[in-house]
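Peer 1: Heads up: the protein sequence lines correspond to chains E and G, in order. Position 82 of the first sequence, counted from 1, bears residue number 82 in our numbering, the numbering being contiguous throughout. Position 209 of the second sequence, counted from 1, bears residue number 209 in our numbering, the numbering being contiguous throughout.
Any given hint could be a false lead.
[Claimed, not checked] Only pairs whose alpha carbons sit at most 20 Å apart, straight line, appear in this in silico EDC-like list of lysine to aspartate or glutamate:
# : chain 1 : residue 1 : chain 2 : residue 2
1 : G       : Lys-222   : G       : Asp-194
2 : G       : Lys-222   : G       : Glu-98
3 : G       : Lys-222   : G       : Glu-101
4 : E       : Lys-114   : G       : Asp-194
5 : E       : Lys-114   : G       : Asp-70
6 : G       : Lys-103   : G       : Asp-194
7 : G       : Lys-60    : G       : Asp-70
8 : G       : Lys-189   : G       : Asp-220
9 : E       : Lys-52    : G       : Asp-194
[Said to hold, decoys possible] Looking from chain E toward chain G, a few residues come up when the C-beta cut is under 10 Å (computed):
#  : residue
10 : Val-2
11 : Ile-3
12 : Tyr-4
13 : Leu-9
14 : Met-13
15 : Glu-30
16 : Thr-47
17 : Gln-48
18 : Pro-51
19 : Pro-58
20 : Ala-69
21 : Ala-77
22 : Lys-81
23 : Gly-91
These are computed hints drawn from the structure, not numbers from a lab. Ideal placement from N, C-alpha and C gives every residue a C-beta, glycine not left out.
Next come the chains, spelled out residue by residue.
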Amino acid sequence: MVIYGVGLLAGCMLAGLWAGRLLGHALGVEANVGGVGIAMLLLLFFTQISPKRPVLGPISASGVSFWSAMYIPIVVAMAAKQNVVAAVSSGWVAILAGTLAVLASFALVPVLAKWAPKAEDDA
Amino acid sequence: MMLESIESVLIQNGLMTAFALVALLVGFSYWIADKWTGGHLHGSAIAIAIGLALAYLGGKWTGGQQGLADIPWLAGIGVLGGAMFRDFAIVATAFGAEVRELKRAGIMGIASVLIGVALSFLIGAAVAVAFGYRDPVQISTLGAGAATYIVGPVTGSALGADSSIIALSIAAGLTKSILVMIATPLVAKRIQLDHPHSAMIYGGLMGTTSGVAGGLAATDPKLVPYGAMTATFYTGVGCLLAPSLFYWIVRSVF
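From just these sequences and the hints, can you work out the full model?
Peer 2: Dropping the structure here:
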């Protein structure tokens, strides 16, 4: 049933966010440390890795893939609720700090990617 | 009477209003992408750009902080685009991810988070110094804001910065996340963002969850789980390092 997939997804998300909050607490940080990332790893564990994984039939799996497909529309809604006015009207310090940080980070992507092992090396 | 009743239906069923509206917006954007750019620009890139433009108009119109979602009959946009649905959809994208790829670039992904936080902080702090700030608390808060718009205020309040500098740090983080959304599809080829491992490094370096989510959606949705995975650790690492180690370093310099 579709709800099994949706329920698994929701369970992984709640468990991940909880773990992220505990991790933040342990580190003395007022933030969720990697909660969503942990949730993703949990979902992968339960659907691909665990030897005792619950087998999601195609209909149950569609409960997960539906939300994965809703990703772009949700991101569009997310864009439409950003505080763009505050970003644009904040003055040069903030705009420069944000912009230069992005440009430098972009520039580093290919540099660091070179150090990561490539798929072709596998054979 | 007609208009009032339409409005009250839209308000009472806000999330449905948002579904319908976003569907129209996405459809329109894909039509433009196909007709006017011949498929060169991804439809979702256009949809995100239009979304941001509408957010600007909404913010100007209402004077609120939530873009379009501050207009009463569009409040559902705020629900659909809020952190809960965003994170839910991001987690769902992991369903199609390849564990092998994640393992392969895992170490570089972790390293890129640390490098990314340090780099953004350094640049934000340098800009603050260039603009004449000399107080280590202010410099660190702005540096933290250049990481993400959450790291900035968390750091600022931990260090006791005043609210005007915290507001600036949030604006720096917002600028970053909006720019990442818009610019990623434009620079994707040049920075070789075409593979799970470069996506993981990209997520770790950028760090803004919204920016990375939007940027990858507009570039290649298949890369989303890899970039999102590392990006979600960034804010936490930033909140850990900025008010402690990085502040300590700034204080020893100024």
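Peer 1: Report the numbers of all earlier hints that the structure fails to satisfy, in ascending order.
Peer 2: Per hint list: 5, 9, 10, 11, 12, 18 and 19 violated.
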